[in-house]
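Okay, here's what each chain looks like letter by letter:
There are 2 protein chains.
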Amino acid sequence: MDVLIKGVYWSEAKHIATPSGDIFHIMRKDVESYNGFGEVYISTVKQGAIKGWKKHTRMRLNIVVPSGSIRFVVYNPETKEKAAILISPENYKRLTVEPGIWMAFRGESPGTSFLVNFADIPHDPSEAESLGLDQPPVDHDWQ
Amino acid sequence: MDVLIKGVYWSEAKHIATPSGDIFHIMRKDVESYNGFGEVYISTVKQGAIKGWKKHTRMRLNIVVPSGSIRFVVYNPETKEKAAILISPENYKRLTVEPGIWMAFRGESPGTSFLVNFADIPHDPSEAESLGLDQPPVDHDWQ
Chain Y
15 MDVLIKGVYW SEAKHIATPS GDIFHIMRKD VESYNGFGEV YISTVKQGAI KGWKKHTRMR
75 LNIVVPSGSI RFVVYNPETK EKAAILISPE NYKRLTVEPG IWMAFRGESP GTSFLVNFAD
135 IPHDPSEAES LGLDQPPVDH DWQ
Chain S
15 MDVLIKGVYW SEAKHIATPS GDIFHIMRKD VESYNGFGEV YISTVKQGAI KGWKKHTRMR
75 LNIVVPSGSI RFVVYNPETK EKAAILISPE NYKRLTVEPG IWMAFRGESP GTSFLVNFAD
135 IPHDPSEAES LGLDQPPVDH DWQ
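In order, the protein sequences belong to chains Y and S. To convert a position in the first sequence, counted from 1, into the numbering used here, add 14. To convert a position in the second sequence, counted from 1, into the numbering used here, add 14.
Chain Y with its partners taken away, still in its complex shape:
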């Protein structure tokens, strides 16, 4: 895994094209960032819409984007590091986000973009903190 900032990593994931359709790898139990299974779900985001900010206190996220393109902005409040990364089928990567990281993301391509989140625990609203876009944990210019 490559380090984006402390607590956020990315790794290559396979995207295999075939004449009748493609295969996109999401997660396998022998992948380095696998940390057990709790839940896997899809979140879609429309072009220009921003979801966030959210910080998980226990969940480790593993995210891929098999359709559209999504810009992720991540912030580590302990190290004060911030980074942004654009993920899409053309730049197909697995983003691993550890607990304690603030994240927001925006749909960047026309129509609807899809992310898949493979998480090590089931969804539990009590383990996540949220902040509105009007009170972000760090300044970010989305333009």
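Rather than coming from a laboratory, the hints here were simulated on the basis of the structure. All values derive from a computational prediction rather than experimental measurement. Possibly wrong hints are sitting among the right ones.
[What the hints assert, rightly or not] Ranges between beta-carbon positions, derived for each pair:
1) S/D148 x Y/A98: 28 to 38 Å
2) Y/L147 x S/L147: 42 to 52 Å
3) S/M15 x Y/A63: 30 to 40 Å
4) Y/P91 x S/G50: 32 to 42 Å
5) Y/P91 x S/D155: 54 to 64 Å
6) S/G146 x Y/K96: 45 to 55 Å
Think of the CB as a built atom: it goes at the ideal place given N, C-alpha and C, for glycine as much as any other residue.
Guided by the hints, dock chain S onto chain Y, whose structure is given.
Just chain S, lined up with the frame of chain Y:
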């Protein structure tokens, strides 16, 4: 879970719409059809393209279709039962297919349809059998 044919089941899965985008549940470790985790991947299929026939000898599939629409045809060679089911975001269900079932599927909507397969073992070509569309395990009129 509801029985489609012996060895093939479907269950309701959640599709939650929100103004900025939707959430599609795929699998959670407390879902009835969860049988351990091996691998999860996406397979896409273009309109009119058919993928199959394939029969797994060890893998149990759990399939959802969060984009497009896909017609699945399944065949149990022991009971000689055959069934077809169309799955899409509008008819969002989790299809569970046990080992020993033949399956083929076709993209039914314009453009590309997406399926997510949550499997209890990692992909292993040696545990699957394939038959070409010109020698199907059961007659099926795709028209």
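### Task
Check each numbered hint against the structure and report the violated ones by number, ascending.
Checked against the structure, the only hint that fails is number 1, while the rest are satisfied.
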